[in-house]
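Novice: All residue numbers for the sequence shown refer to my numbering, where the first residue is 17 and numbers rise by one.
In silico lysine-lysine, DSSO-like type, Cα no more than 30 Å apart, as pairs: (1) K81 / K104; (2) K107 / K81; (3) K114 / K88; (4) K128 / K107; (5) K128 / K81; (6) K63 / K107; (7) K81 / K63; (8) K117 / K81; (9) K104 / K63; (10) K88 / K107; (11) K107 / K117; (12) K128 / K88; (13) K81 / K114; (14) K117 / K128; (15) K88 / K63; (16) K117 / K88; (17) K104 / K114; (18) K63 / K114; (19) K128 / K63; (20) K117 / K104; (21) K117 / K63; (22) K114 / K128; (23) K104 / K88.
Pairwise CB distance ranges (calculated): (24) N72 / E20: 38 to 48 Å; (25) K128 / E20: 34 to 44 Å; (26) E54 / G99: 16 to 26 Å; (27) K107 / E20: 33 to 43 Å; (28) E20 / H71: 32 to 42 Å; (29) E95 / E20: 37 to 47 Å; (30) S84 / V119: 22 to 32 Å; (31) N130 / E20: 34 to 44 Å; (32) E20 / Q110: 35 to 45 Å.
Rather than coming from a laboratory, the hints here were simulated on the basis of the structure. A virtual CB, placed ideally from N, CA and C, is assigned to each residue, including glycine.
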Amino acid sequence: MKTEIFEKILTPVLESFMNVDFDFENKSMHIHNIETKERVETVRNMKILIYPNDHNPPHFHVISKDGSVNAKFTIDTCELICGTISSKDIKRIQAFHKHSKTVIVLERFWNKRNN
17 MKTEIFEKIL
27 TPVLESFMNV
37 DFDFENKSMH
47 IHNIETKERV
57 ETVRNMKILI
67 YPNDHNPPHF
77 HVISKDGSVN
87 AKFTIDTCEL
97 ICGTISSKDI
107 KRIQAFHKHS
117 KTVIVLERFW
127 NKRNN
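Put together the whole structure using the sequences plus the hints.
Specialist: Put into C-alpha coordinates, the structure is as follows:
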(Lines of atoms letter the chains of each structure in order from A and count residues from 1; the text may use other names and numbers.)
(Lines give C-alpha, C1' and ligand atoms only; values in the text may rest on other atoms or scores of the structure.)
Protein backbone atom coordinates (compact mmCIF):
# COMPACT_ATOMS: atom_id res chain seq x y z
CA MET A 1 0.00 0.00 0.00
CA LYS A 2 2.78 2.46 0.92
CA THR A 3 4.65 1.67 -2.29
CA GLU A 4 1.57 2.41 -4.38
CA ILE A 5 1.11 5.76 -2.65
CA PHE A 6 4.77 6.70 -3.17
CA GLU A 7 4.58 5.54 -6.77
CA LYS A 8 1.53 7.72 -7.47
CA ILE A 9 3.10 10.74 -5.80
CA LEU A 10 6.75 10.44 -6.84
CA THR A 11 6.47 9.20 -10.41
CA PRO A 12 4.97 12.40 -11.87
CA VAL A 13 7.37 14.56 -9.84
CA LEU A 14 10.44 12.64 -10.96
CA GLU A 15 9.34 12.46 -14.57
CA SER A 16 8.31 16.07 -15.02
CA PHE A 17 10.65 18.07 -12.79
CA MET A 18 13.81 16.01 -12.77
CA ASN A 19 13.63 14.46 -16.25
CA VAL A 20 13.66 10.97 -14.74
CA ASP A 21 11.69 7.81 -15.51
CA PHE A 22 11.26 5.62 -12.42
CA ASP A 23 9.98 2.05 -12.56
CA PHE A 24 8.86 1.05 -9.06
CA GLU A 25 8.08 -2.53 -10.06
CA ASN A 26 11.62 -3.19 -11.33
CA LYS A 27 13.27 -0.77 -8.89
CA SER A 28 15.09 0.99 -11.71
CA MET A 29 15.58 4.57 -12.76
CA HIS A 30 16.55 6.19 -16.04
CA ILE A 31 17.88 9.72 -15.96
CA HIS A 32 17.69 11.29 -19.41
CA ASN A 33 20.97 12.48 -20.91
CA ILE A 34 22.97 10.88 -18.08
CA GLU A 35 24.58 7.46 -18.38
CA THR A 36 23.16 4.86 -16.03
CA LYS A 37 23.89 1.20 -15.39
CA GLU A 38 24.06 -1.15 -18.33
CA ARG A 39 22.83 -4.72 -18.23
CA VAL A 40 25.35 -7.04 -19.84
CA GLU A 41 23.51 -10.34 -19.40
CA THR A 42 20.97 -12.18 -17.29
CA VAL A 43 21.91 -15.48 -15.63
CA ARG A 44 18.83 -17.20 -14.24
CA ASN A 45 17.07 -14.41 -12.35
CA MET A 46 20.29 -12.43 -11.81
CA LYS A 47 21.20 -9.34 -13.81
CA ILE A 48 24.86 -8.76 -14.66
CA LEU A 49 25.42 -4.99 -14.56
CA ILE A 50 28.25 -2.53 -15.18
CA TYR A 51 27.90 0.94 -13.69
CA PRO A 52 29.44 4.04 -15.28
CA ASN A 53 32.21 5.90 -13.46
CA ASP A 54 32.59 3.08 -10.95
CA HIS A 55 35.63 2.52 -8.72
CA ASN A 56 38.49 0.11 -9.39
CA PRO A 57 39.19 -2.78 -9.61
CA PRO A 58 37.13 -3.43 -12.75
CA HIS A 59 34.10 -5.39 -11.61
CA PHE A 60 30.52 -6.28 -12.39
CA HIS A 61 27.45 -6.30 -10.20
CA VAL A 62 25.06 -9.23 -9.86
CA ILE A 63 21.56 -8.37 -8.66
CA SER A 64 18.42 -10.50 -8.52
CA LYS A 65 14.88 -9.22 -8.98
CA ASP A 66 13.82 -10.42 -5.55
CA GLY A 67 16.80 -8.77 -3.84
CA SER A 68 18.25 -12.01 -2.48
CA VAL A 69 21.41 -11.52 -4.57
CA ASN A 70 23.43 -8.31 -4.50
CA ALA A 71 27.13 -8.94 -5.09
CA LYS A 72 30.23 -7.71 -6.93
CA PHE A 73 32.80 -9.80 -8.80
CA THR A 74 36.12 -8.87 -10.41
CA ILE A 75 36.05 -8.97 -14.19
CA ASP A 76 39.44 -10.64 -14.67
CA THR A 77 39.16 -13.53 -12.17
CA CYS A 78 35.46 -13.59 -11.18
CA GLU A 79 36.48 -13.32 -7.54
CA LEU A 80 33.67 -12.31 -5.19
CA ILE A 81 34.51 -8.83 -3.89
CA CYS A 82 31.56 -8.42 -1.56
CA GLY A 83 27.84 -8.90 -1.23
CA THR A 84 25.13 -11.41 -0.61
CA ILE A 85 24.95 -14.47 -2.86
CA SER A 86 24.53 -18.22 -2.30
CA SER A 87 27.28 -20.69 -3.18
CA LYS A 88 24.99 -22.18 -5.84
CA ASP A 89 24.58 -18.77 -7.48
CA ILE A 90 28.34 -18.13 -7.25
CA LYS A 91 28.85 -21.32 -9.28
CA ARG A 92 26.31 -20.07 -11.85
CA ILE A 93 28.14 -16.76 -12.18
CA GLN A 94 31.49 -18.55 -12.47
CA ALA A 95 30.05 -20.79 -15.21
CA PHE A 96 28.85 -17.67 -17.05
CA HIS A 97 32.31 -16.11 -16.60
CA LYS A 98 34.11 -19.19 -18.03
CA HIS A 99 32.67 -18.70 -21.53
CA SER A 100 35.45 -17.67 -23.88
CA LYS A 101 34.08 -14.24 -24.82
CA THR A 102 32.61 -13.23 -21.47
CA VAL A 103 35.71 -11.50 -20.08
CA ILE A 104 36.24 -9.67 -23.38
CA VAL A 105 32.65 -8.41 -23.36
CA LEU A 106 32.80 -7.40 -19.69
CA GLU A 107 36.09 -5.55 -20.24
CA ARG A 108 34.63 -3.71 -23.23
CA PHE A 109 31.59 -2.64 -21.23
CA TRP A 110 33.83 -1.56 -18.34
CA ASN A 111 36.15 0.46 -20.60
CA LYS A 112 33.23 2.05 -22.42
CA ARG A 113 31.58 3.12 -19.15
CA ASN A 114 34.59 3.93 -16.98
CA ASN A 115 37.27 5.51 -19.19
